[in-house]
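**Q** Sequence:
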Amino acid sequence: MQRFDVVTLGESMLRLTPPGYLRIEQTVSFDIWVGGTESNTAVGLARLGMDVAWLSRLPDSPLGRYIRNRIAQYGVDVSQVVWARDERLGIYFHEKAIDPRASEIIYDRRGSAMSRMQPSDLPDELFQVGVADLLHATGITLAIGSAARATVHAAMRQAQTAGWRISFDTNYRSKLWSGAEAAKGCQQAMQMADVIFCPLDDYGNLYGDASADDALSGLAERFPDTLIVMTLGKDGAIAKTPRGEIFRQPAILAGEVGRIGGGDAFAAGFLYAWLRHADVALALKWGAAMSAMKYTIPGDLPLVDREAVAALAAGAVGGGLIR
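At position 283 of the sequence shown (counting the first as 1) the number is 283 in the numbering used here, and the numbers step up by one without a gap.
Misleading hints may appear alongside valid ones.
Straight-line alpha carbon distances no greater than 30 Å define the calculated DSSO-like cross-link-like pairs of lysine-lysine that follow [said to hold, decoys possible]:
| # | residue 1 | residue 2 |
| --- | --- | --- |
| 1 | 184 | 240 |
| 2 | 234 | 96 |
| 3 | 184 | 234 |
| 4 | 234 | 175 |
| 5 | 175 | 96 |
Please keep in mind that the hints were generated in silico from the structure rather than gathered at the bench.
Taking the hints into account, I'd like the entire structure generated from these sequences.
**A** Rendered as structure tokens:
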């Protein structure tokens with residue numbers, strides 16, 4: 001069994017987007033992208049030079065193989081993907097817009113192959129001591145179905161038994177569940193995590209609106225043994241360690257070409273630096289740099305160049321500007 005730095009678990013879908021700013025009802029063609037929060041993070045980590053595996057369940061069809069091939073193309077190990085016959089692939093539509101019209105996302109994912117993944121689908125040979133350093137999962141997978149939720153919990157228990165660390169991103173989606181459902185549904189995963197990524201907006205949806213400092217303290221009180229990382233949009237990011245240390249990172253401004261996947265890229269940059277250097281402040285810089293770079297790239301996947309991210313992170317003390 002190959003050794004991995006990070007293993008991710010979750011669903012990837014086809015994204016269909018009308019060219020330019022056409023509305024769905026007027027377009028005659030769609031641009032096709034591959035996207036899923038855990039595979040986005042996996043690709044970002046692979047682009048930074050880490051050994052990464054992505055676990056999922058895909059339909060045994062041309063669409064499923066298309067997803068598999070695109071993710072593998074960027075250096076992610078997909079050998080443990082579970083194949084399902086006569087099942088469907090999740091799809092989502094993204095209608096891009098500019099102010100005052102809001103962008104729109106429409107999901108067509110209910111009953112997807114990944115939503116039916118069972119704990120028995122997890123590869124026992126992978127979840128062993130020394131095979132990986134960290135398992136990364138998100139609230140999206142918890143939200144898509146009870147089977148997928150049970151699979152994430154089982155994977156976390158197996159990872160803990162194997163001595164891996166665990167990172168968890170709340171990644172709240174209002175079209176999948178309510179804030180109250182998410183707070184309850186994410187509780188077990190957040191209790192098991194060594195690192196929690198939670199955008200300030202997610203905190204508001206799960207627990208109620210609060211300032212960044214109060215939200216950070218609120219999460220630290222709920223999960224006192226966990227490194228809490230909170231992204232703040234244009235205000236950057238903030239982190240609190242179990243020892244009570246607080247680190248702040250300004251945002252790195254970026255021209256917006258592809259917003260989707262920015263949070264996944266942040267997680268990839270943070271995890272890369274945290275696993276390599278055990279330095280929270282440095283990890284926040286890499287997260288900010290990765291997110292800014294992703295904003296300049298169309299599609300969901302953070303197809304960054306490591307050297308460019310490193311240079312941006314090195315100058316990220318006071319924030320930078322990409323023009």
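**Q** Honestly, which of those hints from before does the structure not fit?
**A** none
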